[in-house]
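Starting from the known structure of chain L, arrange chain P on it as the hints suggest.
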Amino acid sequence: METAAINWHSFFFLLFALVACTFAVAMLLSSNIVRMAFYLVISLGAVSGLFFLAGADFVGALQLMIYVGGTVVVLIFGVMLTARAPFLRMRTGVAQWALAAIVGGCLLAVLLQAALSVDEWAPPSMVGENPPVSNTYTAAPLGLGVLGVRVDQLDEEDATLRNGMSGYLLPFEIVSIHLLVVLIGAAYLARTKRRPKEPTGDRQETVEPMISSGK
Amino acid sequence: MTIDLLTQPVGVSHYLVVGAVLFVSGAVAMATKRNAIGVLMGIELVLNGANLNFVAFGSSYLRGGSQGGVGLDGQLIAMFVIVLAAAEAAVALAIALNFYNNHATVDVDQGDELKG
Numbered sequence: 002m003e004t005a006a007i008n009w010h011s012f013f014f015l016l017f018a019l020v021a022c023t024f025a026v027a028m029l030l031s032s033n034i035v036r037m038a039f040y041l042v043i044s045l046g047a048v049s050g051l052f053f054l055a056g057a058d059f060v061g062a063l064q065l066m067i068y069v070g071g072t073v074v075v076l077i078f079g080v081m082l083t084a085r086a087p088f089l090r091m092r093t094g095v096a097q098w099a100l101a102a103i104v105g106g107c108l109l110a111v112l113l114q115a116a117l118s119v120d121e122w123a124p125p126s127m128v129g130e131n132p133p134v135s136n137t138y139t140a141a142p143l144g145l146g147v148l149g150v151r152v153d154q155l156d157e158e159d160a161t162l163r164n165g166m167s168g169y170l171l172p173f174e175i176v177s178i179h180l181l182v183v184l185i186g187a188a189y190l191a192r193t194k195r196r197p198k199e200p201t202g203d204r205q206e207t208v209e210p211m212i213s214s215g216k
Numbered sequence: 027m028t029i030d031l032l033t034q035p036v037g038v039s040h041y042l043v044v045g046a047v048l049f050v051s052g053a054v055a056m057a058t059k060r061n062a063i064g065v066l067m068g069i070e071l072v073l074n075g076a077n078l079n080f081v082a083f084g085s086s087y088l089r090g091g092s093q094g095g096v097g098l099d100g101q102l103i104a105m106f107v108i109v110l111a112a113a114e115a116a117v118a119l120a121i122a123l124n125f126y127n128n129h130a131t132v133d134v135d136q137g138d139e140l141k142g
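Protein chains in written order, with the numbering used here: chain L, 2 to 216; chain P, 27 to 142.
Heads up, a few of these hints could be off.
Said to hold, decoys possible - Here are the simulated lysine to any residue pairs, SDA-like style, with alpha carbons at most 25 Å apart:
hint, chain 1, residue 1, chain 2, residue 2
1, L, 194, L, 182
2, L, 194, L, 108
3, L, 194, L, 92
4, L, 194, P, 134
5, L, 194, P, 127
6, L, 194, P, 128
7, L, 194, P, 30
8, L, 194, P, 103
9, L, 194, P, 114
10, L, 194, P, 130
11, L, 194, P, 57
12, L, 194, P, 131
13, L, 194, P, 117
14, L, 194, L, 97
15, L, 194, P, 99
As the list claims (entries may be wrong) - Which residues of chain L face chain P? A partial, calculated answer using Cβ under 7 Å:
hint, residue
16, 18
17, 52
18, 53
19, 72
20, 80
21, 84
22, 86
23, 94
24, 97
25, 138
Since the hints were derived computationally from the structure, they do not count as laboratory data. Since we're looking at a predicted model, the values are computed, not measured. The beta-carbon is built from N, C-alpha and C at its ideal position, and this holds for glycine as well.
Next up, chain P with everything else stripped away, as it sits in the complex:
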């Protein structure tokens, strides 16, 4: 099995498997982490899994050099995702620090003041 993986060329589905593992790890981390910054790290993993899929669909390497797929659009969207993830991390971290200043905790279970 591993010998097969080492001698065969890599396809789009290989990248999709890695992207799926990253996505599920990030989603479960978002759901289970109690630290607000841990939740932010889970979001980063989810965005990276999606980015990996975008790049894989746009890559002509993984299709044996043939055109098709989404072409350069995949890389362009991946660029936008990276930049927007940086902006999102800055704002979310500012909100987390504000919460920490006001409540002296980063436990997301304690942040239920908006509960109706």
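Excised from the complex, chain L in its bound form:
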């Protein structure tokens, strides 16, 4: 058994893929909400490793920064704010698990059959070679694409196809406004509501013991 023929790209793909799938299934099977959040962090981090391996360095960095560093932290804040003893472990009934397993198994079978049956998606047939990719930095083409210029498709001959390959300036602006609306709306929804209280009642309770202890 020779060890020189190991394709390290495949090795790291296998590592990250196993970590991502294992912790996704563990998150599904766990009933403790704190452990679920931890498993989700590991799984999303491994998915960012898969992005790096696919040559999408900027998207992998975004995944690490926004998803693992932002979204999951927001979710963990939600866990901490609602973590009371009856909600830490909420078990699902056996009948619901059985139904979910049947439906999920059927869905997985359909997706796997679709993923493995197309010849164009099969691995390229080069054994022991690195894939020939000249430019691996995608931040500048992505940024220009968001601004409306597609530098990766300037050499398209067909003029009608070139018209359909414009950039993403309008979606980018829509997402900007959307984020602003979401920021204001989330802050409005999650604010604490002040209950009407007697302000003098609190003050008397706090002041009086000090006076009595001073005497």
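Same frame as chain L, but now just chain P:
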């Protein structure tokens, strides 16, 4: 089998298998979790499975360097999905916290007041 996986290059279908596993885990988690925040975590897994497919279809690494597929569009759409998932998580968490403030529970089975 594992030796074969270690020596052969990785293709698009490998990524699709991982994406399918993440998607199904997330979908089943959305259906079975009783905690509202657990349902949100399932949504995150589903979006990640879809993102993995977008990036795999747009990657020229996985096609042996040949052009084809969706090109850079896959990564651009994956970027938009990541940003919109962050916005969605913020709003959904705000709704869950509001529900918790009003009803003192995060069990989605208790949230059936809108039932007709």
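Honestly, which of those hints from before does the structure not fit?
2, 3, 7, 8, 11, 14, 15, 18, 21, 22, 23, 25
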